[in-house]
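J.: One letter stands for each residue in the lines below.
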Amino acid sequence: MNLEEFYGRLVTWPKARECPEGTVAMPSLLKGRCGRCGGRTRATLHGKQSYCLDCLTIGRVSTLDKLLTVPEPNDFETVGTMHWNGQLTAKQEKISCQLIKNYSEGVDQLLWAVTGAGKTEMLFPLIGQSLKRGLRVGFVSPRVDVVLELAPRIQAAFSVSLQVLYGEQEEPYRYSQLVLGTVHQLLRFYQAFDLLIIDEVDAFPYRGNRLLERAVRRSVKSSGHLVMLTATPSKRLLDKVKERGGRLLMLPERFHGQHLPEITLHVHANWEKRFSRRLKQLLLGFERQELPFIIFVPKVRHLIPVFRHVTAMVPSNGTTVHANDPDRLKKVADMRAGHYRYLVSTTILERGVTLPKLQVVILGADDPTFTKEALLQMAGRVGRSRVATEGVVFAVASGPARTIRAAQKEIRLLNEKAGMD
Amino acid sequence: MEQCLLCQQSLTSELTLLTLLTGYRGAQEQFCQTCLQKFQEITGPICPGCGRMSGDARLCQDCQTWQDKGETLIENRALYVYNQQMKDYMARYKFIGDYRLRVLFKGGMRKHICRRVRAEKIDMVTSIPISSQRLQTRGFNQVHVFIPISKGFLEPLTVSDNHKVDQSSKTRVDRLQTTQPFEFKEGMEPRIRGRRILLVDDVYTTGRTLYHASARLKSAGAAAVFSITLAR
Chain A
1 MNLEEFYGRL VTWPKARECP EGTVAMPSLL KGRCGRCGGR TRATLHGKQS
51 YCLDCLTIGR VSTLDKLLTV PEPNDFETVG TMHWNGQLTA KQEKISCQLI
101 KNYSEGVDQL LWAVTGAGKT EMLFPLIGQS LKRGLRVGFV SPRVDVVLEL
151 APRIQAAFSV SLQVLYGEQE EPYRYSQLVL GTVHQLLRFY QAFDLLIIDE
201 VDAFPYRGNR LLERAVRRSV KSSGHLVMLT ATPSKRLLDK VKERGGRLLM
251 LPERFHGQHL PEITLHVHAN WEKRFSRRLK QLLLGFERQE LPFIIFVPKV
301 RHLIPVFRHV TAMVPSNGTT VHANDPDRLK KVADMRAGHY RYLVSTTILE
351 RGVTLPKLQV VILGADDPTF TKEALLQMAG RVGRSRVATE GVVFAVASGP
401 ARTIRAAQKE IRLLNEKAGM D
Chain B
1 MEQCLLCQQS LTSELTLLTL LTGYRGAQEQ FCQTCLQKFQ EITGPICPGC
51 GRMSGDARLC QDCQTWQDKG ETLIENRALY VYNQQMKDYM ARYKFIGDYR
101 LRVLFKGGMR KHICRRVRAE KIDMVTSIPI SSQRLQTRGF NQVHVFIPIS
151 KGFLEPLTVS DNHKVDQSSK TRVDRLQTTQ PFEFKEGMEP RIRGRRILLV
201 DDVYTTGRTL YHASARLKSA GAAAVFSITL AR
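Which chain is which? The protein sequence lines are A and B, in order. Be aware that the first sequence starts at 1, since it is given in the numbering used here, and climbs by one per residue. Be aware that the second sequence starts at 1, since it is given in the numbering used here, and climbs by one per residue.
Bear in mind the hints are in silico, worked out from the structure with no lab data behind them. There's no promise every hint is true.
Said to hold, decoys possible - Computed list of lysine to aspartate or glutamate pairs in DMTMM-like fashion (alpha-carbon distance at most 20 angstroms, straight line):
#	chain 1	residue 1	chain 2	residue 2
1	B	K69	B	D174
2	B	K170	A	E170
3	B	K94	A	E170
4	B	K218	B	E71
5	B	K87	A	D325
6	B	K170	B	E155
7	B	K87	A	E170
Claimed, not checked - Pairwise CB distance ranges, derived in the manner of DEER restraints:
#	chain 1	residue 1	chain 2	residue 2	range
8	A	V300	B	D161	47 to 55 angstroms
9	A	G32	B	R100	13 to 21 angstroms
10	B	R25	A	L284	47 to 55 angstroms
11	B	N162	A	F204	43 to 51 angstroms
12	B	R25	A	G419	42 to 50 angstroms
13	B	Q9	A	A156	45 to 53 angstroms
14	B	E41	A	R17	34 to 42 angstroms
15	A	L30	B	K121	49 to 57 angstroms
16	B	R25	A	R217	30 to 38 angstroms
17	A	R301	B	A119	43 to 51 angstroms
18	B	E41	A	P326	21 to 29 angstroms
19	B	Q9	A	Q129	41 to 49 angstroms
20	A	K240	B	R100	29 to 37 angstroms
C-beta: ideal position from N, C-alpha, C; glycine also.
Please construct the entire structure, taking both the sequences and the accompanying hints into account.
T.: In structure tokens, the structure reads:
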């Protein structure tokens, strides 16, 4: 095994095997906590041995193992460079400069920018500069869909050693200056990053997950800093950033300067059994104009009945997607390639899907699974490209729930704010 | 909230008085119905050689080949079909090493073994050994828990040092070409003579491992060797 693979990592290594020279060993169990994730739930093995249940999904850490690391030396063969030469708008430019300034001053920061504001692009100058200085950069998100959407964009913008990490992937780990991945993968890092960017910090499963929060803090070097991105921060997150002395940057305007699409509420309680005439006309309208659309439903069990309703009306191809769907990633890729006209999906696709001209229908928008943040994210799928800045966000609900009201209000507020400065 | 040990979905099981008083939860209560139903039990006519499901209860092609090579068939019996669900189970139980999953088939396998021991008048039950290195990293032998100790459990075999490669990491052809990996532990060889032995393993894939173990035992004078596996 190459020593490079231990740089800034935590590698599980059987105690019975001899450690490679130069590695530092850490205990797999310390004061009743797992040495990797800090969790305390354990299961026993044969004899007196035990293993951690909290991080079992990414591989077992048992008392038969120890954890090896090599302190991150930032020893890259070549230092990455940026060859992205896109243009930022004046407002984006301002935020981008602030990000660099704050980072050099050594504070953590939270960037609150509306969906479709061009968060990723605004970060490029900061990433580019850090790479040039030979720093190790991590870019993570709680959602694998977001990571996979990001990967090609990052790859196109930088020439740098890059590794994409997520659960189901088969490629073995290799050392790279830029690391893209899901937040869970940070459990395998130890004081590795000088700059760590977390996209969609408010998303499941990172949201309120102390295990992952701990992993994030530990994967950053003591001299490194965090940049968090979100379109829909919770109050708790805003408070926490303030409490820890972080800075908040805000951008209420989309990159093309147009307003966020507002949510149209259509009251119809019986959508599970049949579609109302207005909803039918809307879907047929999408079909006529050849617009792709996503129908969000609250529960997995709604997928099939709704899909049947739609297939009965719309002749084009479509399919269903949910979180445990083994073909989920492929279906989204197919949708992007134009093989499907529509998807019927659970909240899983609320983030990370960017398609030109996409329209959104939310069925059962008053269901408790759709939080205010979820509604904002789903609405944010619409009108993201320069060619189609407008679109329909059609929410079907049995009444104006508090969450829908709150989402509508926040969109109006953000749009007002964008108009002001 | 309790979760299914396989799919992590939350479980809605009825609280029994036993659970309430002792905290004990039966094996079936720790898994969800959806996961349990995906395991396919072997029922109906089977191949008498390897125990796989077959329409006509005749010897399958693979067993014919074993017979042509001059092996006496080990009359394997298996509880479940080695389908995708079983593969996923094995990956979690054996390769990730989630020892909690042992409870799922413990009862079923023990019952099956006891029944076979009675039917074939078996006086020794043994498992396919795993290498000491593997035992140290995994922390358990995956089939030991299936074996009722009272039925004359003895482990006379070990894996010799030059056979450290895992069967499951090889292709079918490679697996069949594996040479004898087992040898006797010190002082065990004389204890085999004249015994009727039942081998227990987790999966019967090509049969190579079981036939190797069987050949080793017979070379020490075992009267008869049978086998039981969890999956075929």
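J.: So, for every hint listed, does it hold in this structure?
T.: A quick look at each hint next to the structure:
A distance of roughly 17 angstroms separates the Cα atoms of B/K69 and B/D174; the hinted pair therefore holds under the 20 angstroms criterion. With a CA separation close to 18 angstroms, the supplied pair B/K170 and A/E170 stays within the 20 angstroms bound. Distance hint between B/K94 and A/E170 is fulfilled; the C-alpha atoms sit about 19 angstroms from each other, no more than 20 angstroms. Annotation: proposed proximity of B/K218 to B/E71 holds, straight-line Cα distance about 11 angstroms (limit 20 angstroms).
Distance hint between B/K87 and A/D325 is fulfilled; the C-alpha atoms sit about 18 angstroms from each other, no more than 20 angstroms. Simply put, B/K170 and B/E155 have alpha-carbon atoms about 25 angstroms apart, too far for the 20 angstroms limit, and the pair is violated. Simply put, B/K87 and A/E170 have alpha-carbon atoms about 17 angstroms apart, close enough for the 20 angstroms limit, and the pair holds. Restraint check, A/V300 to B/D161: a C-beta distance of roughly 51 angstroms satisfies the suggested window 47 to 55 angstroms.
Our hint of 13 to 21 angstroms for A/G32 and B/R100 holds, since their Cβ atoms are close to 19 angstroms apart. Range check, B/R25 to A/L284: Cβ separation about 52 angstroms, and the 47 to 55 angstroms hint holds. Distance hint check: the CB atoms of B/N162 and A/F204 are about 50 angstroms apart, consistent with the given range 43 to 51 angstroms. Between B/R25 and A/G419, the C-beta spacing of about 59 angstroms breaks the proposed range 42 to 50 angstroms.
Checked against the hint of 45 to 53 angstroms, the C-beta distance between B/Q9 and A/A156 comes to roughly 39 angstroms, which is inconsistent with it. Distance hint for B/E41 and A/R17: a CB-CB separation of about 40 angstroms, consistent with the stated range 34 to 42 angstroms. Between A/L30 and B/K121 the beta carbon distance is about 53 angstroms. The supplied range of 49 to 57 angstroms therefore holds. The hinted range of 30 to 38 angstroms is satisfied by B/R25 and A/R217, whose Cβ atoms lie roughly 36 angstroms apart.
Separation of A/R301 from B/A119 is about 46 angstroms and conforms to the stated range, judged on CB atoms against 43 to 51 angstroms. Judged by the Cβ atoms, the range 21 to 29 angstroms given for B/E41 and A/P326 holds: they are separated by roughly 24 angstroms. Evaluation of the 41 to 49 angstroms hint for B/Q9 and A/Q129 yields a pass: the beta carbon distance comes to about 45 angstroms. A hinted range of 29 to 37 angstroms for the beta carbons of A/K240 and B/R100 is consistent with their spacing of about 35 angstroms.
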